[in-house]
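**Student:** For reference, the chains in residue letters:
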Amino acid sequence: SQQGEEDPQALSIQEGENATMNCSYKTSINNLQWYRQNSGRGLVHLILIRSNEREKHSGRLRVTLDTSKKSSSLLITASRAADTASYFCATDAMKDSTLTFGKGTMLLVSP
Amino acid sequence: DAEITQSPRHKITETGRQVTLACHQTWNHNNMFWYRQDLGHGLRLIHYSYGVQDTNKGEVSDGYSVSRSNTEDLPLTLESAASSQTSVYFCASSSRLQETQYFGPGTRLLVL
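The listed protein sequences correspond, in order, to chains A and B. Per our numbering, the very first residue in the first sequence carries number 1255; after that it's consecutive. Per our numbering, the very first residue in the second sequence carries number 2; after that it's consecutive.
Quick caveat, the hints were computed from the structure, so don't treat them as lab data. Mixed in with the good hints, there may be bad ones.
To be verified - Derived CB-CB ranges, DEER-like:
{"hint": "1", "chain 1": "A", "residue 1": "1272", "chain 2": "B", "residue 2": "23", "range": "37 to 43 Å"}
{"hint": "2", "chain 1": "B", "residue 1": "106", "chain 2": "A", "residue 2": "1311", "range": "24 to 30 Å"}
{"hint": "3", "chain 1": "A", "residue 1": "1269", "chain 2": "B", "residue 2": "96", "range": "32 to 38 Å"}
{"hint": "4", "chain 1": "A", "residue 1": "1282", "chain 2": "B", "residue 2": "6", "range": "34 to 40 Å"}
Positions of the beta carbon are idealized from the N, C-alpha and C atoms, including for glycine.
Excised from the complex, chain A in its bound form (with noise of 0.2 Å):
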């Protein structure tokens, strides 16, 4: 079963545009992690928000998290062609220590 469900599954933007992607959840969390993979290859880890977090930044990419919504959101500021690959958020649920994944948001960005 799905615990983290992301949106929109696919984004297509411009160079220098900003990419926002969200992801819901259902259970009560202890994290939740946004990972990044690029065509063929494994799944690379973005950045990880705590519970009783509300947000949190890393270089270009600023995560939020609403807990009361589950749900959070990764924006990816003046992006770039590399920055076209699949995106995923990972969620623990606080009975189990393993992580579940979404399905993805594939993102383009268009030079």
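We have chain A already, so just place chain B on it with the hints.
**Tutor:** Quick look at chain B alone, frame taken from chain A:
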């Protein structure tokens, strides 16, 4: 540099054959995971291990088995390959539960 590797990177096999996919990590992580990735399903957890001699079933464990005889390796075995097991398989490891996982490059498996 520490890394996590998978072999083979590509594999074609026939229905009914036993297949073993290797995963080796040099992070010295206790926690290791196997996922499969399919269009429309995202990543789904197959098996995981929290340490030597520990193995646990994930969401889609039927038809798969793992063993953990040392910290570095978690091989995934398909006992009798089925066409439904055609997929991309990823191994991952982490030092702390529920936190950052480091992924291998994946193995593309085709079962004919």
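**Student:** Compare the structure with each hint and give your call.
**Tutor:** Structure-based check of all given hints:
no.	hint	in the structure
1	A:1272 - B:23: 37 to 43 Å	holds (41 Å)
2	B:106 - A:1311: 24 to 30 Å	holds (29 Å)
3	A:1269 - B:96: 32 to 38 Å	holds (36 Å)
4	A:1282 - B:6: 34 to 40 Å	holds (35 Å)
When the structure is compared with the earlier hints, no violation turns up for any of them.
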